[in-house]
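There are 2 protein chains.
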Amino acid sequence: MLHRRFISARYGAAHANSTSPHHDLMISKLENSFPLSAEEKQALLELPIQIVDIKPHQDIVKMGDKPSQCCLLLEGFSCVYKLSLEGKRQIMTMHIPGDIPDLQSLHLEIADINIASISACKVGYIQHKDLHRLCERYPRLTSAFWRETLVDAAIFREWLLNIGQREGYSRIAHLICELMMRLKAVGLTENNTFNMPVTQAELADATGMTPVHVNRVLQALRTDGLIISNKKQITIPDWQKLTEAGEFDPLYLHLNEKKVS
Amino acid sequence: MLHRRFISARYGAAHANSTSPHHDLMISKLENSFPLSAEEKQALLELPIQIVDIKPHQDIVKMGDKPSQCCLLLEGFSCVYKLSLEGKRQIMTMHIPGDIPDLQSLHLEIADINIASISACKVGYIQHKDLHRLCERYPRLTSAFWRETLVDAAIFREWLLNIGQREGYSRIAHLICELMMRLKAVGLTENNTFNMPVTQAELADATGMTPVHVNRVLQALRTDGLIISNKKQITIPDWQKLTEAGEFDPLYLHLNEKKVS
DNA sequence: CGAGCGCTTGATGCTAGTCAAAGCTGGTGG
DNA sequence: CCACCAGCTTTGACTAGCATCAAGCGCTCG
Numbered sequence: 122m123l124h125r126r127f128i129s130a131r132y133g134a135a136h137a138n139s140t141s142p143h144h145d146l147m148i149s150k151l152e153n154s155f156p157l158s159a160e161e162k163q164a165l166l167e168l169p170i171q172i173v174d175i176k177p178h179q180d181i182v183k184m185g186d187k188p189s190q191c192c193l194l195l196e197g198f199s200c201v202y203k204l205s206l207e208g209k210r211q212i213m214t215m216h217i218p219g220d221i222p223d224l225q226s227l228h229l230e231i232a233d234i235n236i237a238s239i240s241a242c243k244v245g246y247i248q249h250k251d252l253h254r255l256c257e258r259y260p261r262l263t264s265a266f267w268r269e270t271l272v273d274a275a276i277f278r279e280w281l282l283n284i285g286q287r288e289g290y291s292r293i294a295h296l297i298c299e300l301m302m303r304l305k306a307v308g309l310t311e312n313n314t315f316n317m318p319v320t321q322a323e324l325a326d327a328t329g330m331t332p333v334h335v336n337r338v339l340q341a342l343r344t345d346g347l348i349i350s351n352k353k354q355i356t357i358p359d360w361q362k363l364t365e366a367g368e369f370d371p372l373y374l375h376l377n378e379k380k381v382s
Numbered sequence: 122m123l124h125r126r127f128i129s130a131r132y133g134a135a136h137a138n139s140t141s142p143h144h145d146l147m148i149s150k151l152e153n154s155f156p157l158s159a160e161e162k163q164a165l166l167e168l169p170i171q172i173v174d175i176k177p178h179q180d181i182v183k184m185g186d187k188p189s190q191c192c193l194l195l196e197g198f199s200c201v202y203k204l205s206l207e208g209k210r211q212i213m214t215m216h217i218p219g220d221i222p223d224l225q226s227l228h229l230e231i232a233d234i235n236i237a238s239i240s241a242c243k244v245g246y247i248q249h250k251d252l253h254r255l256c257e258r259y260p261r262l263t264s265a266f267w268r269e270t271l272v273d274a275a276i277f278r279e280w281l282l283n284i285g286q287r288e289g290y291s292r293i294a295h296l297i298c299e300l301m302m303r304l305k306a307v308g309l310t311e312n313n314t315f316n317m318p319v320t321q322a323e324l325a326d327a328t329g330m331t332p333v334h335v336n337r338v339l340q341a342l343r344t345d346g347l348i349i350s351n352k353k354q355i356t357i358p359d360w361q362k363l364t365e366a367g368e369f370d371p372l373y374l375h376l377n378e379k380k381v382s
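Taken in order, these protein sequences are the chains called X and Y.
Numbering-wise, the working numbering puts 364 at position 243 of the first sequence, and it's gapless, one number per residue.
Numbering-wise, the working numbering puts 229 at position 108 of the second sequence, and it's gapless, one number per residue.
Treat the hints as calculated values from the structure; they're not laboratory data.
Be aware that one or more of the hints could be misleading.
Each pair may be met inside one copy or between any two copies, as identical chains are not told apart.
Unchecked claim - Simulated crosslink set (SDA-like; lysine to any residue; CA at most 25 Å straight-line):
#1 K209 to T140
#2 K162 to H178
#3 K187 to H334
#4 K250 to E207
#5 K250 to E152
#6 K209 to A275
#7 K162 to M184
#8 K243 to P371
#9 K305 to E230
Source: prediction; values computed, not measured.
Use the sequences and the hints to build the structure in full.
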């Protein structure tokens with residue numbers, strides 16, 4: 122059973138400075154690349170969010186669903202995946218806290234993907250109707266959300282290059298670089314170390330490889346001194362070398378573009 | 122040299138029924154999944170478009186560019202691609218008439234992709250500022266354009282599944298199914314036949330294979346009776362069998378969802 | 001009619017897949 | 001607190017799909 126908590130997330134005008142950690146996560150993410158006015162932030166703070174805890178490896182959205190809400194990832198890792206007819210799974214992106222995995226459902230009625238937790242997660246559900254109302258009133262927020270979906274698409278494209286043209290060693294290195302960079306942007310790294318609660322089987326599904334081969338590549342990366350892994354902790358001793366191995370260029374993440382619309 | 126024609130695409134209110142084939146292409150595409158009011162259509166018709174002819178295999182947008190306009194593909198095929206450091210090319214999607222290949226540039230300042238023609242093309246450039254103004258005034262058009270970029274993303278995801286998890290034979294079959302379906306939606310097929318001005322080397326770049334292997338797979342598809350190819354014409358004698366071979370399910374294209382926002 | 005591009009074919013080898021089994025580890029219950 | 005179990009990781013042996021290299025063929029267009 123899911124553990125559900127209904128959070129009263131409405132703040133009166135008198136509490137303009139009130140904050141909620143959940144809303145702040147979303148706001149700081151949007152603001153990272155798109156400056157927001159006080160009024161726009163206030164409007165975001167007033168969004169009702171329903172908090173739900175999710176267990177590891179559990180579906181959040183299933184292909185064919187017609188969701189009436191978007192989910193904001195608050196804690197943990199989740200992923201988007203599809204299955205081939207033979208049951209092979211392709212993970213298309215991983216989401217970290219602050220991401221809105223199915224923002225696309227705002228304008229695509231039927232989900233064409235599955236979304237699942239990787240680790241235990243906490244997600245916040247936001248009703249489509251609330252988001253639509255917000256976008257109507259604040260066109261700049263529409264742009265900010267639209268932009269988020271465009272960055273998601275840029276990540277899919279980079280993964281296509283990764284899987285289509287690079288060999289196993291580079292693919293894994295690239296994925297680790299991306300996670301490092303994105304986690305750093307939301308303050309979830311420390312001394313080139315971060316938590317990666319991802320099994321080798323999941324890495325395999327994300328890189329189009331087999332678990333056996335992922336295991337061997339990880340060993341190679343370790344012996345080459347590109348990563349140090351301890352349980353689910355990854356440390357990157359030499360960022361330069363890892364980015365070279367993964368051909369990693371963070372342009373596609375569109376972090377910190379100074380966007381002044 | 123590019124052959125440039127500046128088309129005066131403005132129509133007065135007195136010409137509410139005036140049409141331009143270029144604008145109509147865009148309008149009918151948007152309307153396919155998102156009904157538009159007469160007023161919205163009129164506003165689209167008034168968009169200034171600058172028509173340019175492009176030769177085959179020519180870059181239209183380059184990584185690092187900061188475009189101030191979007192291009193609407195009017196004739197021919199184009200593609201989005203990226204290069205790995207070793208110079209290997211991954212094509213991420215193909216565009217057909219009616220598509221807007223770099224709509225993303227509306228909200229992502231720096232292009233993280235290259236866009237190139239495949240065949241000879243005719244494109245129409247639309248200034249960002251005109252699109253921004255349009256979106257401000259007609260929020261439903263914002264939604265329609267946003268939705269277009271979401272369908273693009275859905276195609277990237279399906280290609281990830283295709284390249285990551287399916288073998289060569291299925292990949293090519295899937296790609297042909299997708300092109301058939303999308304071309305049909307804009308009326309560019311006839312009796313299960315369509316024009317595919319794509320070289321085997323480009324098919325290879327699109328599917329993460331080598332040209333040699335693409336050649337062998339195409340021969341297999343032909344001898345299995347799944348496709349008939351004559352020059353650049355492709356005929357699909359048995360749609361059912363081809364979709365099975367390619368595991369093709371058109372859900373991800375989000376065609377004809379009755380969207381009544 | 002020759003040049004160039006794209007298509008086709010053959011021989012060979014590597015990357016990564018498959019199958020199988022054994023070690024590890026963390027969580028659970030007695 | 002220890003024993004056990006399940007899921008994850010690691011290892012080995014073998015194989016397949018696809019890449020690579022190389023050369024010849026056949027259009028089409030100037």
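Hints, verified against the model:
no. : hint         : verdict
1   : K209 to T140 : neither (43 Å within a copy, 48 Å between copies)
2   : K162 to H178 : neither (33 Å within a copy, 46 Å between copies)
3   : K187 to H334 : neither (37 Å within a copy, 40 Å between copies)
4   : K250 to E207 : neither (37 Å within a copy, 47 Å between copies)
5   : K250 to E152 : both (22 Å within a copy, 23 Å between copies)
6   : K209 to A275 : both (24 Å within a copy, 19 Å between copies)
7   : K162 to M184 : neither (33 Å within a copy, 33 Å between copies)
8   : K243 to P371 : neither (27 Å within a copy, 32 Å between copies)
9   : K305 to E230 : between (33 Å within a copy, 22 Å between copies)
Checked against the numbered hints given earlier, the structure breaks hints 1, 2, 3, 4, 7, 8 and satisfies all the rest.
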